[in-house]
Structure formats: structure tokens, C-alpha cells
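Engineer: Spelled out from the first residue to the last, the chains are:
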Amino acid sequence: MEMLGEAMISGIIMGSLFGAMAVGLTIIYGVIKMFNFAHGIIAILGAYLAWWLFSSVHLNLIGAIAFSFFLMLLVGILIFTLIIRVLLRTPRWPYSTIIASIGLGIFLQNLLLQIFGPRIKSMPVFFEGNIKVGGITIGWHEISLILIVLSLMLILRIFFKKTTLGNAMRAVAQSPEGAKIVGINTLKIFSYAYMMGIAVTGLSGVFLSTKCYVIPHRGWDWMVKGFIIVAFGGLGNVMGAYYAALLLGILEALVVTYVGTVWVWNFWFVSFLVILLIRPEGLLGGRMG
Amino acid sequence: MLNKIGWKKMAIWLSLLVIVLYPVFFHSNSYIMHIFILFFCWAVLASSWNLLFGYAGIWSLAQVGVFVIGAYSSGMMAKFTGISPLICIPLAAILTALIVTLFVGLPSLRLKGIYICVFSLMFADALPSVLTQTRKWTGGGRGFHDIPPLWNNISRVHYYYVGFAIFLISLFIIYKIVNSSTGKAFIALRDSRDFALSLGINEYKERLKVFALSSFFAGLAGAFYGHYLGHISPSSLGISPFLLAIAMMEMGGLGRFPGAVIGAVVLVFGSELLRLTGMSRLTILGAAVVLIMLFMPKGLMQIVDIIDNIKLRKNAIIK
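Residue numbers (our numbering), protein chains in the order written: chain A, 290 to 578; chain B, 987 to 1305.
A few of these clues could be false.
Claimed, not checked - When the alpha-carbon atoms are kept at most 27 Å apart in a straight line, the in silico BS3-like pairs for lysine-lysine are as follows:
(1) B/K1300 with B/K1284
(2) B/K1284 with B/K994
(3) B/K1098 with B/K994
(4) A/K322 with B/K1098
(5) B/K1162 with B/K1191
(6) B/K1284 with A/K322
(7) A/K410 with A/K322
(8) B/K1300 with A/K469
(9) B/K1191 with B/K994
What the hints assert, rightly or not - Computed footprint of chain A on chain B, listed as stretches where at least three residues anywhere in the stretch have a Cβ under 8 Å from a Cβ of chain A:
(10) 999-1006
(11) 1133-1139
(12) 1228-1242
(13) 1259-1268
(14) 1289-1297
Just so you know, the hints here were simulated from the structure itself, not pulled from any lab data. Glycine is no exception: its CB is placed at the ideal position from the N, C-alpha and C atoms.
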């Protein structure tokens, strides 16, 4: 029973962390309709920037995270203007963006490897100490992560439902032509959405790096998990991605506990196969919100 | 004379002649011959991927995985049953096409665009853990060793010509597919999907056909590759071969027939040169992939188009 409880808890934690990462992916897909194959390395980049600001520039923890968030916004606008915007103008953008972002991801991954070296990095935990609930030990740090991600989701939800910019993004997501007719500058919205997606992803990378170690190669695995979560929750659906991440996180933890660590990838493959066969539009369907 | 034959045909025949005659004149230089053999494998892989990605618009990312499956299945067949590798190679290619079509094609080809991208990527990522789990048969993470050679006492020159034969046959068939009714169906689907569907083109069936065929060729190239090198390991599923194949396809020109072959020439020989840069090899390749997409979206085939245009203009002025 305790084993089950611990598996559930660790599943919820990993689920919320991967949920935060998948949300960045789903924002970009939902609005621009392009898949960001550089996604995993963007998360790693966020983590590395925060780690570098914390350990080499000696900012405090909150300052480092906030500043890395800000830098990731800049990275987002840079990638968008230099690469994505140029490619979106061509008629073959659906697959030229795929190939270009794969190239970009591998470029960044090896660049990080050369700059920071192959040693693993990790951020310090936010809060020390544990609490015990019915024989199960939970760290305060983990509770804080779950709460932070939950509040991030709520903020995003309010952003998409209540603010003008969020509504404009949802309008572009539903119908770019319709949005253009009512006077929305779609390219501008694309750039905001891309920036936001990249920044949220970078933030999720920072959170992931407090829980598990970071090396540039891990980005690829994170990204593939992110894809499956996004497809599970419905492409372009923010809350769907979060729920799917929690569900898949718990299932993965159960697989690790009762079947074995090596079967994790096969589990992800099978779960993706199942969702493709049964409900290809995802759990909640593909709508921004 | 030159104008009548056409410079493209001239170039193709000349390069084929060079490939055929190379071992005759440079018998001793086996390093270059080795690179040529690798080029044959890569060119077939990249062309089959281009058939899938560029022509049919099926954005599968698992083609390197298919290649590796081909290598493993042919190697295992030859090693454990003792059948001659010459029979195992085509059998393994058929088996590969069956496996991949069953696991990747059937579930995902009904869906559009991005799903197949993600699903095939997932398939390729799940392969290494399957391989490491079945150590008894596949040798696990250390790789599958002692794959029997094509025949006893085989020399590199023999491999060279067998590889060349596989290269020629595969490319000829791919060329035929592109110009067949299937190829035309894809052009119709690409240009006007609704009209093509209303004419009775069964999209799912056509896509499945191309998927199986391109898996067959990737498996064929992989099987030959395995027998040539004598060992294959899960590290072939890593990021570096994957990026190399993508770069070949893109550099040659997506959806253009000999494009992937030209890309393979440039990158197989180029990546040998890039080995000199050591650590930054993948960084350079990744940046190149982005830059080509930005500044030369049609790849090296764009240069062929430019030459064609100049010729046309010249002829127009003369007449």
C-alpha cells in the first residue's frame, strides 16, 4: 500500500513537471500549428541559464529563475524572427519548420555541450525538509513544485480566458483567416505565442532540473514525452496537456514500481498507440483553453 | 552533340562510369572504397526517406530505425539459421517492411500530418530499449556482433559491386514509383486533395503502399550495411545518423528525385572531412540544416534548376 502511495506521489510530481513542459509545446502548436522539435533543448537551455546565473553570477534563487525566464523570452523572439517567421512565409512551412527545428535543437544541444561540458548539473531544492503522511514521506520541495505548476496553469487559464491578448491567441488558433478579418495581426500573435511557449518551457526546465539532473542529451527524451502528453491531451489544449501529464505521470510511476524501469519507453509507445487508435483528437479534443 | 544528349544525362552516365571504374584503377585505396560503400547505403536510405517525406508527404521520422531493423533482422537470420546472406538480405527487407507497416503504418497513416511524425519518432525511440531488453538474441546494448559476411573470403571490391548493384536497383525502382500511377496520385493529392479524392484515389491505400515500399528499401540498405560492417549496435539509432540522413535529404532537395543521392554524396564525403573538427561536428551539421532550410530551401537541386534556366535562355536568344 505504501509502495502504491509513493508511486502515486512521485507520479503526480513528475506529471506536473512534464505537464508544465508540455504546455509550452501545446501553446506553440495551438496558435502557430507548428511542432517545435527544438522543444526539449529549450527546456534544457532554460535550466542551464538558471543554473549559470545561480552558480556563476551568484544571483539568489528567485532572481536567477526570474532572469532566466526573461532571457528565454529573448531567445524566443530571436528564434522566431530569425528562423520561424522566414519559414512561415513559404508554402512548405509545415515540414520545413519541422526540419529546421530539428536542426536547431541538435545545434543548441551540442553548443551547450561544448560550452558547459558533459558534466551533469542540477539546481538546489526550494525548501528543505520532509513531512510524513501515513507512512509516506513527501518533501516540502515537491509539494511546492506541485503548487507552483498548478498556479502556473491557473494563471495561463485566466490569461487565455480573460485578457485581450489571450483571446486574440485563441482566435488565431481557431481560425487565422477569421482573426485577420477582424483586424488581428496574426504574425504578431504568432511571435507572442512563440515567446510565451519558449519562456514557459524554459521555466519548466528549471523546475525539472531541481528534481532531476540535467545534461543536454536529456532534452530529446523530455521532448518525446512532451509530444505524447500533448497528443494525449488534445493538440493545442492547455488544460488537456496538464491532465494528460498527471495521468501519464502516475501510470509511468506505476510501471516503474511494478514492472521495471527499462519498460518505460515501451509504455509510452503503447499508450500513444492506444490514444491514436481510440481517440486521435486527444482526451479533451484540440481546442485552446 | 552535347545539347542533344542533355547535360543531366551526361552527368549521370559519367558519374556512374566513375563509380564502376574506380576499383579497377585504384584497387589499393580501400579507404575511399569504404566511403563509397557507405555512400551506397546512405543514398538508398535517404532516397527512400525522400520518397516518403518529400513525395508522399508522410512525415515519418523513423527511417533510420527502419534501416537498423533491416540490419538486425538480416544479421540474426543469417547467423542463427545459416542461410546464405544473399537470400537473407531481401527476406529481411520484406520482414522489415511488414513489421514497420504493421506497427507504424497501419495505426498512424489514417491520421494527418503531425501525428505520424510524433508516432514514428516514438517508435524509433522505443527501439533501443527493446534491443537492450532482448540481449539473448540481439546482443543488447553492446550490439550484435559477428554478422556473417556475404560469402567466405569476400574482398572489399566484391562488397563495392554488390552495394553498387543494390544502389542501382533501388534507385531505379524508386524512380519508377515516382513516375507510376502511385507517384501521380501523390502529386494529385498534394495539388488538390479534394479533387483527387473525388476522382477515386484511395489516400490511405496509396500511403500504405508507399510506406511499405520505402521501408523495404531502407531495410534492404540496412541489411547490406549490417553484413558489410559485421556488427550493428543500438548506437546507430542515435542522433548523429538521424541528423545526417535528414541533412542529406534536405541538402539534395526535398521531393526531388536524385536530390537525396546528391545530398548523400556531399554529406558522406563531407562528414568524413568534418571528423577533423571533432566535437563540433554535430553543431556544424545542425546549424547547416537550419541554414539550408532558410537560404536554399530547394537544396542543391536548385542549382540544377538555375543551370536549366540559363540554358533555356541561351537557346531562346539563339533562335
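Engineer: Would the pair B/K1284 and B/K994 pass a check requiring their Cα atoms to be no farther apart than 27 Å?
Structural biologist: 18 Å, holds
Engineer: Are 3 or more residues of the segment 1228-1242 of chain B near chain A, judged by a Cβ distance of less than 8 Å?
Structural biologist: Per the Cβ count (5), the hint holds.
Engineer: State whether the coverage of the segment 1289-1297 of chain B by chain A holds or is violated, taking the criterion as 3 or more residues with Cβ-Cβ distances under 8 Å.
Structural biologist: violated (count 0)
Engineer: Please check whether the segment 1259-1268 of chain B has three or more residues whose CB lies within less than 8 Å of a CB on chain A.
Structural biologist: Holds: 3 residues of the segment 1259-1268 of chain B have a Cβ under 8 Å from chain A.
Engineer: Holds or violated: B/K1300 with B/K1284, Cα cutoff 27 Å?
Structural biologist: Holds, because 23 Å separates the two Cα atoms, which is no more than 27 Å.
Engineer: Would the pair B/K1191 and B/K994 pass a check requiring their Cα atoms to be no farther apart than 27 Å?
Structural biologist: Judged against 27 Å, a Cα distance of about 34 Å means the pair is violated.
Engineer: Confirm or reject the coverage of the segment 1133-1139 of chain B by chain A under the rule of 3 or more residues with a beta carbon closer than 8 Å to the chain's beta carbons.
Structural biologist: violated (count 0)
Engineer: Would you say the segment 999-1006 of chain B counts as covered by chain A, given the rule of at least 3 residues with C-beta under 8 Å?
Structural biologist: violated (count 0)
Engineer: For B/K1098 and B/K994, compute the direct alpha-carbon distance and say whether it is at most 27 Å.
Structural biologist: Violated, at about 36 Å.
Engineer: Is A/K322 close enough to B/K1098, meaning Cα to Cα at most 27 Å?
Structural biologist: 13 Å, holds
Engineer: For the pair supplied as a hint, B/K1162 and B/K1191, is the alpha-carbon distance within the 27 Å limit?
Structural biologist: 18 Å, holds
Engineer: Taken at face value, is the distance from the CA of A/K469 to the CA of B/K1300 at most 27 Å?
Structural biologist: Violated, at roughly 45 Å.
Violated hints, in rising order: 3, 7, 8, 9, 10, 11, 14; the structure is consistent with all others.
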